[in-house]
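With the sequences and hints as input, model every part of the structure.
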Amino acid sequence: MSDSVPSNSKKPKSTNYTGGRPKKPIWRFFEQGEEIDKGHYVTTCLACKQIFRPGKSTAMEKHIISNCLEVDRSIREAVVYMVEARERETFSDANANAKRKNNDQTTLDNFYENSDLSKERKEDIDTALTKAFVCC
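Counting in the numbering used here, the sequence shown runs from 924 upward without gaps.
These aren't lab readings, by the way, just hints derived from the structure by calculation. No false leads were mixed into what you were given.
Computed list of lysine-lysine pairs in BS3-like fashion (alpha-carbon distance at most 27 Å, straight line):
1) K961 <-> K946
2) K972 <-> K946
3) K979 <-> K947
4) K946 <-> K979
5) K979 <-> K961
6) K947 <-> K972
7) K947 <-> K985
8) K972 <-> K985
9) K1054 <-> K1042
10) K961 <-> K972
11) K946 <-> K985
12) K947 <-> K961
13) K961 <-> K985
Pairwise CB distance ranges, derived in the manner of DEER restraints:
14) C971 <-> A1008: 20 to 26 Å
15) E1007 <-> D1049: 48 to 54 Å
16) V1057 <-> K946: 55 to 61 Å
17) K961 <-> E1010: 24 to 30 Å
18) D1049 <-> E1012: 44 to 50 Å
19) T1030 <-> F975: 45 to 51 Å
20) F1034 <-> F975: 49 to 55 Å
21) T1029 <-> W950: 40 to 46 Å
22) G962 <-> S989: 22 to 28 Å
23) S1015 <-> T981: 16 to 22 Å
24) A982 <-> E1046: 55 to 61 Å
25) K972 <-> S1015: 34 to 40 Å
26) V1057 <-> Q973: 55 to 61 Å
Glycine included, each C-beta is placed from N, C-alpha and C at the ideal position.
Now the structure itself:
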(Lines of atoms letter the chains of each structure in order from A and count residues from 1; the text may use other names and numbers.)
(Lines give C-alpha, C1' and ligand atoms only; values in the text may rest on other atoms or scores of the structure.)
Protein backbone atom coordinates (compact mmCIF):
# COMPACT_ATOMS: atom_id res chain seq x y z
CA MET A 1 0.00 0.00 0.00
CA SER A 2 1.47 3.26 -1.10
CA ASP A 3 0.45 6.85 -0.60
CA SER A 4 0.99 7.77 -4.25
CA VAL A 5 -1.54 9.80 -6.17
CA PRO A 6 -3.69 7.73 -8.53
CA SER A 7 -2.74 8.09 -12.21
CA ASN A 8 -6.23 9.22 -13.20
CA SER A 9 -6.04 12.46 -11.17
CA LYS A 10 -6.37 15.73 -13.08
CA LYS A 11 -3.31 17.86 -13.76
CA PRO A 12 -3.45 21.46 -12.55
CA LYS A 13 -4.20 24.00 -15.25
CA SER A 14 -1.47 26.36 -16.34
CA THR A 15 -1.88 29.85 -14.92
CA ASN A 16 -0.27 31.46 -17.99
CA TYR A 17 -3.21 30.77 -20.32
CA THR A 18 -5.75 33.58 -20.26
CA GLY A 19 -8.04 32.28 -22.99
CA GLY A 20 -9.12 33.99 -26.15
CA ARG A 21 -7.24 34.60 -29.34
CA PRO A 22 -3.43 34.24 -29.24
CA LYS A 23 -1.49 37.49 -29.38
CA LYS A 24 0.02 38.65 -32.65
CA PRO A 25 3.81 38.77 -33.03
CA ILE A 26 3.84 42.60 -32.82
CA TRP A 27 3.19 42.27 -29.08
CA ARG A 28 6.85 41.24 -28.61
CA PHE A 29 7.77 44.91 -29.02
CA PHE A 30 5.12 46.33 -26.67
CA GLU A 31 4.33 46.03 -22.97
CA GLN A 32 0.77 45.17 -22.00
CA GLY A 33 -0.69 47.52 -19.40
CA GLU A 34 -3.99 47.68 -17.60
CA GLU A 35 -7.14 46.19 -19.10
CA ILE A 36 -9.47 48.82 -20.57
CA ASP A 37 -12.21 46.45 -21.67
CA LYS A 38 -12.47 42.69 -21.85
CA GLY A 39 -9.47 41.62 -23.96
CA HIS A 40 -8.35 45.22 -24.71
CA TYR A 41 -5.33 46.67 -22.97
CA VAL A 42 -3.27 49.83 -22.74
CA THR A 43 0.07 49.19 -24.45
CA THR A 44 3.44 50.87 -24.29
CA CYS A 45 6.13 50.77 -26.98
CA LEU A 46 9.25 49.22 -25.45
CA ALA A 47 11.54 51.42 -27.58
CA CYS A 48 10.08 54.94 -27.15
CA LYS A 49 7.55 54.40 -24.33
CA GLN A 50 4.63 55.82 -26.37
CA ILE A 51 1.28 54.72 -24.93
CA PHE A 52 -1.61 53.35 -27.00
CA ARG A 53 -5.19 53.20 -25.63
CA PRO A 54 -6.27 50.52 -26.58
CA GLY A 55 -3.35 48.74 -28.19
CA LYS A 56 -4.53 47.69 -31.62
CA SER A 57 -2.10 45.57 -33.60
CA THR A 58 -2.38 47.57 -36.84
CA ALA A 59 -1.66 50.85 -35.03
CA MET A 60 1.24 49.20 -33.22
CA GLU A 61 2.70 47.91 -36.51
CA LYS A 62 2.32 51.32 -38.15
CA HIS A 63 4.04 52.94 -35.16
CA ILE A 64 7.06 50.62 -35.36
CA ILE A 65 7.34 50.93 -39.16
CA SER A 66 6.75 54.66 -39.57
CA ASN A 67 6.71 56.67 -36.37
CA CYS A 68 9.03 55.19 -33.74
CA LEU A 69 12.39 56.95 -33.83
CA GLU A 70 13.90 54.83 -31.05
CA VAL A 71 13.28 51.35 -32.46
CA ASP A 72 16.23 49.35 -33.75
CA ARG A 73 16.48 49.01 -37.54
CA SER A 74 16.41 45.20 -37.37
CA ILE A 75 13.14 45.28 -35.43
CA ARG A 76 11.62 47.68 -37.95
CA GLU A 77 12.67 45.36 -40.80
CA ALA A 78 11.23 42.35 -38.97
CA VAL A 79 7.86 44.09 -38.53
CA VAL A 80 7.83 45.14 -42.21
CA TYR A 81 8.54 41.52 -43.15
CA MET A 82 5.70 40.24 -40.90
CA VAL A 83 3.21 42.70 -42.41
CA GLU A 84 4.27 41.92 -45.99
CA ALA A 85 4.08 38.16 -45.35
CA ARG A 86 0.57 38.52 -43.91
CA GLU A 87 -0.52 40.64 -46.89
CA ARG A 88 0.87 38.10 -49.38
CA GLU A 89 -0.95 35.29 -47.56
CA THR A 90 -4.19 37.25 -47.51
CA PHE A 91 -3.86 38.13 -51.19
CA SER A 92 -3.10 34.54 -52.24
CA ASP A 93 -6.05 33.24 -50.17
CA ALA A 94 -8.37 35.79 -51.79
CA ASN A 95 -7.20 34.77 -55.27
CA ALA A 96 -7.67 31.08 -54.48
CA ASN A 97 -11.20 31.73 -53.20
CA ALA A 98 -12.07 33.84 -56.25
CA LYS A 99 -10.88 31.12 -58.62
CA ARG A 100 -12.80 28.50 -56.69
CA LYS A 101 -16.00 30.56 -56.84
CA ASN A 102 -15.62 31.15 -60.57
CA ASN A 103 -15.33 27.42 -61.26
CA ASP A 104 -18.22 26.24 -59.09
CA GLN A 105 -20.68 29.08 -59.29
CA THR A 106 -23.61 28.95 -61.71
CA THR A 107 -23.91 32.02 -63.89
CA LEU A 108 -26.78 33.68 -65.73
CA ASP A 109 -25.30 32.53 -69.02
CA ASN A 110 -26.39 29.00 -68.11
CA PHE A 111 -30.06 30.05 -68.03
CA TYR A 112 -30.40 33.01 -70.35
CA GLU A 113 -29.69 33.29 -74.04
CA ASN A 114 -28.40 36.75 -74.84
CA SER A 115 -30.20 38.45 -77.72
CA ASP A 116 -30.45 42.01 -79.00
CA LEU A 117 -33.68 43.86 -78.31
CA SER A 118 -35.53 45.74 -81.00
CA LYS A 119 -35.76 49.52 -80.78
CA GLU A 120 -39.49 49.28 -80.02
CA ARG A 121 -38.86 46.82 -77.17
CA LYS A 122 -36.19 49.09 -75.66
CA GLU A 123 -38.57 52.06 -75.79
CA ASP A 124 -41.32 50.00 -74.12
CA ILE A 125 -38.94 49.01 -71.33
CA ASP A 126 -37.74 52.61 -70.87
CA THR A 127 -41.35 53.83 -70.68
CA ALA A 128 -42.27 51.19 -68.11
CA LEU A 129 -39.24 52.05 -65.96
CA THR A 130 -40.00 55.77 -66.15
CA LYS A 131 -43.60 55.16 -65.06
CA ALA A 132 -42.39 52.96 -62.19
CA PHE A 133 -40.04 55.67 -60.91
CA VAL A 134 -42.59 58.43 -61.27
CA CYS A 135 -45.21 56.46 -59.34
CA CYS A 136 -42.88 55.77 -56.41
